[in-house]
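Chains as they are written, first to last, in my numbering: chain A, 209 to 717; chain B, 209 to 717.
Hints are computed from structural coordinates only; laboratory data are not their basis. Source: prediction; values computed, not measured. Honestly, I wouldn't trust all of these hints.
Some chain A residues near chain B, calculated using beta-carbon distances under 8 angstroms [said to hold, decoys possible]:
1) Tyr258
2) Leu330
3) Leu348
4) Phe352
5) Asp483
6) Leu495
7) Trp541
8) Pro673
9) Ala675
Within a straight-line C-alpha distance of at most 30 angstroms, the following computed BS3-like cross-link-like pairs (lysine-lysine) qualify [as the list claims (entries may be wrong)]:
10) Lys475(A) x Lys475(B)
11) Lys553(A) x Lys475(B)
12) Lys475(A) x Lys452(B)
13) Lys619(B) x Lys659(B)
14) Lys401(A) x Lys454(A)
15) Lys506(A) x Lys406(A)
16) Lys475(A) x Lys619(A)
17) Lys553(B) x Lys475(B)
18) Lys515(B) x Lys406(B)
Idealized CB from N, CA, C, for every residue including glycine.
The primary structure of each chain is shown beneath.
Protein chains: 2
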Amino acid sequence: RELTVWAVGTDKMAERGEVIEEEASEPLPAESLCFSRRGTEQSSHRLLAYSDAVISIVATVMILPVSHTKIRADQELEESLQQLLTTKIAVYIMTFLIVTVAWASHIRLFQVIERIDDVLALLNLACMMLITFLPYTFSLMASFPDDTLGILSFCVCAIIIGLIQAVIVIYGFHRPSLLNAHICASEEQISYKYQILKMILQAPALFLLAGILSFIYCPMAYAVLALVIFLPYISQCAQWCRNKIKGPKELRRVPFYTFHPNEPLSKERVEAFSDGVFAIVATLLILDICEDNVPDHKEVVEKFNGKLIEALSEYGPEFLAYFGSFVTVGLLWFVHHSLFLYITKSTRLMGLLNTISLAFIGGLPLAFQLTHEFASNSRNELEAIQISCVIIFLASLFQFSIWAVALYNEKETLHHHVWYGGKEHAFMFAKLSLYPSVAFVTFCLTYILSKLSTEIFHMMQIIVPFAFVLLRIIVQIVLAILTWLFSRLKPRTSILKEDDSIFVSENTS
Amino acid sequence: RELTVWAVGTDKMAERGEVIEEEASEPLPAESLCFSRRGTEQSSHRLLAYSDAVISIVATVMILPVSHTKIRADQELEESLQQLLTTKIAVYIMTFLIVTVAWASHIRLFQVIERIDDVLALLNLACMMLITFLPYTFSLMASFPDDTLGILSFCVCAIIIGLIQAVIVIYGFHRPSLLNAHICASEEQISYKYQILKMILQAPALFLLAGILSFIYCPMAYAVLALVIFLPYISQCAQWCRNKIKGPKELRRVPFYTFHPNEPLSKERVEAFSDGVFAIVATLLILDICEDNVPDHKEVVEKFNGKLIEALSEYGPEFLAYFGSFVTVGLLWFVHHSLFLYITKSTRLMGLLNTISLAFIGGLPLAFQLTHEFASNSRNELEAIQISCVIIFLASLFQFSIWAVALYNEKETLHHHVWYGGKEHAFMFAKLSLYPSVAFVTFCLTYILSKLSTEIFHMMQIIVPFAFVLLRIIVQIVLAILTWLFSRLKPRTSILKEDDSIFVSENTS
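Modelling step: build the complete structure from the supplied sequences, incorporating the hints.
Laid out in structure tokens, this is it:
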């Protein structure tokens, strides 16, 4: 009888054969958690890490056309930047946003589906392939806004992505052991399934509409596109307003699949995605340097009498820009890492702020490339340095705002060490505010001491790492001085720790 | 009294102040494992993930100068490849090797140091910065082999990396709570420390020698460099020979810090590094496409009468190459992922094989770029396709060899499901042998049906994903047929599962 089961090659039968086999096998050892339910199922951890790596690289890709735009030395930087802004920088920012929207929906999907098998892994790879193609269709849209082809190809990709996600959900509910334990155990599995499917298929339906509209009247198609991207935020606002007017209404929501700003967003994946962006940004300049800045053998012999060191000294500014960029990106990663160590739950809002911060960090290679491209003490150089300061300031400010948002709901989102008055609170505050304040000061100094601007900028790049090393000592000195001042003003016999927490909360609020 | 402790700003004092504070605080909740010992210590997991991402991108970087080399259509591919081979491809492979050697030493280091604090995180970032600079110094060496500057800058980087690692070890032993639990609890901590330091400082000492030699006689300096890279393998061979001659000698070795081929190599990090390489390889082509293949607005109007679709159809082969490359890389990742799911412990030897496989995978973008660069049915195109097949064949063959090596010691390294006769064994075997066999068959077919070669190649790219989906069914049909044949030959009453395992082991051995 068993032989016939094996021989019939349909999927259903094979599955049954497998189940029979599984029942016969011995109980599994406890340590192999990833094989806990059935042999063909796998933990999704590595699949998600790989997806995060691919998506983060693709999100940052569109900075390359921006940073590779050559600006002639006699051209005014402001003017050429305005030209750039209208197309390439806009394309970069929009691509980043769209790819992160796709990524967020990917997170939500795999919060429902917690375990994978081979079929899901392959479906996910197909999904990845289409997501990596989105930047290209988007840059077509930006270069030829009047042509339907760009928007059409974008819509086709987006629709297929949506359909694949729907197939993944259907497949997941077909094999409930793949699902999130909470949903798997729930009695309302079927209702959840349709709710999730409805939410997933909303986007493809709207994209289909946009695709059809693109044949009739392009601007309307773009309007629909914008609607899809901002839909979660709009619907959230609408619901908030409705709740304010009619009073809160208790909705039975699917767990893990809402657009609520307090909805948890897998912290592990936010970290993995951020790591990917930081890593590719840190290495983008070395990619260029390895390709362009190895001098030609002939050139060295002819122009520099065969002296390699003279040929290389021409590239000096490039190397400086590389090290500056790596140090800045590395330290911003360090701040991010320190912050997320103490975050116990990351919400959608924090994820959004993190994304914006990362988008600015993706702009850093451009900023550093600009700083070394112009003759020293020209007006362009000054502007390039100011742009760098602004980008660093904004990137670090949004990191700070993640912390601010987390503090707003600290009991849920933060480790108790960094609560108001926690023992690491002041130190974390100092860490997060170091870059914004240094960038701000440097920016102001470039206006006052316009002749010394390059020197100031390099000074900043060199000083900051040491500042981080000394930060703990500095914070403790400042705390001690403040405590001492307080104790002079109010001669009470409170112990040090309480005092400490009082002024810290005053300091930040 | 406490105030004076706070006010004195030296490191030692600050530390003492911290310890005092820690003792006063309440016991920590059990779930926050990463804060289990002291507030300033952190799990190293994310630091290592970020390092792996950066190192894997840098390792694959040097394929870019290779794949961006323009080959004129009238040039013979074979000839120009030979020119490339002598410099650029050699640079790529050597860079990959050197960076992975640096990565392996990084793994060993952080198997000793299991927890980090801020100082270690910053030291590690400095180390990363120098590692990312290695490819550039190496390409200088390759372009100007007679100039001392290349080898000198390489040696300086390598020496500084070694010194930073030594500082990390000294710092780690200074604060034993950061160490691996086994070493931390051991009584021979001091002896371990000196053993590890000796091993770490071996390499910088040799690099110093190479640097000095480079002033005297360059070739000798290169010989010393080669010695450093292959030192672990040489010493291992020497030891193996000694053991064979004199009989095994029991050495008291430092745990986690040997060069033994069976030494465990953190499986998590091997996976993370591989993911990084796969991700950057999969996206390298989209980087190029996004930058080069968005047609110019003017050109479209002038050359194609404003028809965008005609302009894009010129880029058809590029898109095909992109999708082909993504699918192949994605599926090779899938195979790798399936294999490592069942690996319970990865050894140094498996790590080496994995590295070689990844080096070939890094060559895939080159291969696919070549396939679309030549006119159809030219001799060059045929050769380009053959090169692609060879690269795919070798990459997947080395994946297979990881599995073969793991099987050799299956009780230690594999999950019992994939042991000889395990229920997933045949399936895993089929998965791993699919790509080598398909690439081999395609390669042979291009010789027989030289006219149809492009079609065959694209057929292969399209068929393989479906083959993976159907693989489980195919394997079960083949198993059923074989079982049936066996049962006809030997009419014994053995049950299916035993039979199954017998022929499987005969099949693979």
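Structure-based check of all given hints:
1. At its closest, the beta carbon of Tyr258(A) sits 5 angstroms from a beta carbon of chain B; the interface hint therefore holds under the 8 angstroms criterion.
2. At a threshold of 8 angstroms, the smallest CB-CB gap from Leu330(A) to chain B is about 6 angstroms, leaving the interface hint in force.
3. Of the supplied interface hints, the one on Leu348(A) holds, with its beta-carbon coming within about 6 angstroms of a beta-carbon of chain B, less than 8 angstroms.
4. Hint status for Phe352(A) relative to chain B: holds, with the closest Cβ pair at about 5 angstroms, below 8 angstroms.
5. About 5 angstroms separates the beta-carbon of Asp483(A) from the nearest beta-carbon of chain B, less than 8 angstroms, and the hint is met.
6. Proximity of Leu495(A) to chain B holds as hinted, the smallest CB-CB distance being about 6 angstroms (cut-off 8 angstroms).
7. With a cut of 8 angstroms, the hint placing Trp541(A) at the interface with chain B holds, because the nearest CB-to-CB distance is about 6 angstroms.
8. Given the 8 angstroms rule on beta carbons, the hint for Pro673(A) holds: about 7 angstroms separates it from the nearest Cβ of chain B.
9. For the restraint placing Ala675(A) at the interface with chain B, the shortest Cβ-Cβ distance is roughly 11 angstroms, beyond the 8 angstroms limit, so the hint is violated.
10. With a C-alpha separation of about 22 angstroms, the suggested pairing of Lys475(A) with Lys475(B) holds against the 30 angstroms cut-off.
11. Only pairs whose Cα atoms come within 30 angstroms are accepted, and Lys553(A) paired with Lys475(B) is accepted, the gap being roughly 27 angstroms.
12. At roughly 52 angstroms between alpha-carbon atoms, Lys475(A) and Lys452(B) are farther apart than 30 angstroms, so this suggested pair is violated.
13. Between Lys619(B) and Lys659(B) the alpha-carbon distance is near 49 angstroms, which puts this suggested pair outside the 30 angstroms criterion.
14. Between the alpha carbons of Lys401(A) and Lys454(A) the distance comes to roughly 29 angstroms, so the proposed pair stays at or under 30 angstroms and holds.
15. The straight-line distance between the Cα atoms of Lys506(A) and Lys406(A) is roughly 64 angstroms, outside the 30 angstroms bound, and the hint therefore fails.
16. A hinted pair counts as satisfied when its Cα atoms are at most 30 angstroms apart, and Lys475(A) with Lys619(A) qualifies at roughly 16 angstroms.
17. The suggested pairing of Lys553(B) with Lys475(B) holds, with an alpha-carbon distance near 6 angstroms, which does not exceed 30 angstroms.
18. Restraint check for Lys515(B) and Lys406(B): not satisfied, since their Cα atoms lie roughly 68 angstroms apart, outside the 30 angstroms limit.
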